[in-house]
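Asks: Residues per chain, in single letters:
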Amino acid sequence: SQQGEEDPQALSIQEGENATMNCSYKTSINNLQWYRQNSGRGLVHLILIRSNEREKHSGRLRVTLDTSKKSSSLLITASRAADTASYFCATDARSGGGNKLTFGTGTQLKVEL
Amino acid sequence: SQTIHQWPATLVQPVGSPLSLECTVEGTSNPNLYWYRQAAGRGLQLLFYSVGIGQISSEVPQNLSASRPQDRQFILSSKKLLLSDSGFYLCAWSVGGSTDTQYFGPGTRLTVL
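Protein chains in written order, with the working numbering: chain A, 1 to 113; chain B, 1001 to 1113.
For the record, the hints were derived by calculation from the structure and aren't laboratory data.
From the three backbone atoms N, C-alpha and C, an ideal C-beta is built for every residue, glycine too.
Incorrect hints may have been included.
Examples of chain A residues toward chain B, derived with CB under 7 angstroms [said to hold, decoys possible]: (1) P8; (2) A10; (3) S39; (4) G42; (5) L43; (6) H45; (7) N99; (8) K100; (9) F103.
Restraint ranges, calculated between C-beta atoms of paired labels, are given here [claimed, not checked]: (10) B:P1069 x A:E17: 41 to 51 angstroms; (11) A:E17 x B:S1057: 38 to 48 angstroms; (12) B:T1003 x A:A82: 18 to 28 angstroms; (13) A:A81 x B:W1007: 27 to 37 angstroms; (14) B:A1039 x A:V44: 44 to 54 angstroms.
Sequences are here, hints too, so could you generate the full structure?
Replies: Next comes the structure, spelled out in C-alpha cells:
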C-alpha cells in the first residue's frame, strides 16, 4: 500500500503567502523526509525529521511530525515564484524496509507573481 | 564533494529495442544505489536498489533488470522495451547502511514509440 500520500495534490498561491502541504503514512517510521522537484529535474533533499522529533526548521521551511496521527506537514513561509515545484514526502520503515525510502505522490505548488 | 551522473539525458527508442541507462557516483565509497521511475505527473516508483557490488534487490516485477558491476556504477537494462516503459528514470545514492538523505541524479527521459 502507498506509504506516503500528500495533500493537496496541487496548490496555487500568490507570492508572499505561506504554503502548507501535508503527508500521511501508514506504518511506523524511523524518519520522514521532504524533497523538492523542479519540472523535468531530479529531486533535491529539503529536510529530514526523525521519529522522536516534533518540529524542525530550515530557513523558510518548517516541518512538523505527529507520529500518533502518522502525518507530517511542510510549511513554506513568504513563498517566492522560485518555490514553484513539486514537493514529495518520503518515509523509511522501521522493519522490513531495508535501505530504501517510499515516496508519496507529491504536491504541485505554483507560486504566482 | 559527491556528484552523481546519469546518461543519456533523453532517449527515444522503438518498442522491442534494448535499453541501457548508466549511473555513476563520484566522491563516496560503498553507497546504496537506487533506480526509480516516475510517470508523468506522478510519484516515484522504486525499481531496484543495491547495497553493494553484485547485490540487487528488485521491487517490481517487470522486463527491466539492474546490475552493479562496480562500487559506484549502477546500470538499468532491458532486452526488449515496452510502450509502458516510457517515463522519467532517476538514479539516486545514499550513504551505505543508512536510510537517510538520498541524492538524485538529473534523470533520463525515456520515450518508447
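Asks: What hints, given by number in increasing order, does this structure fail?
Replies: 1, 2, 3 and 14
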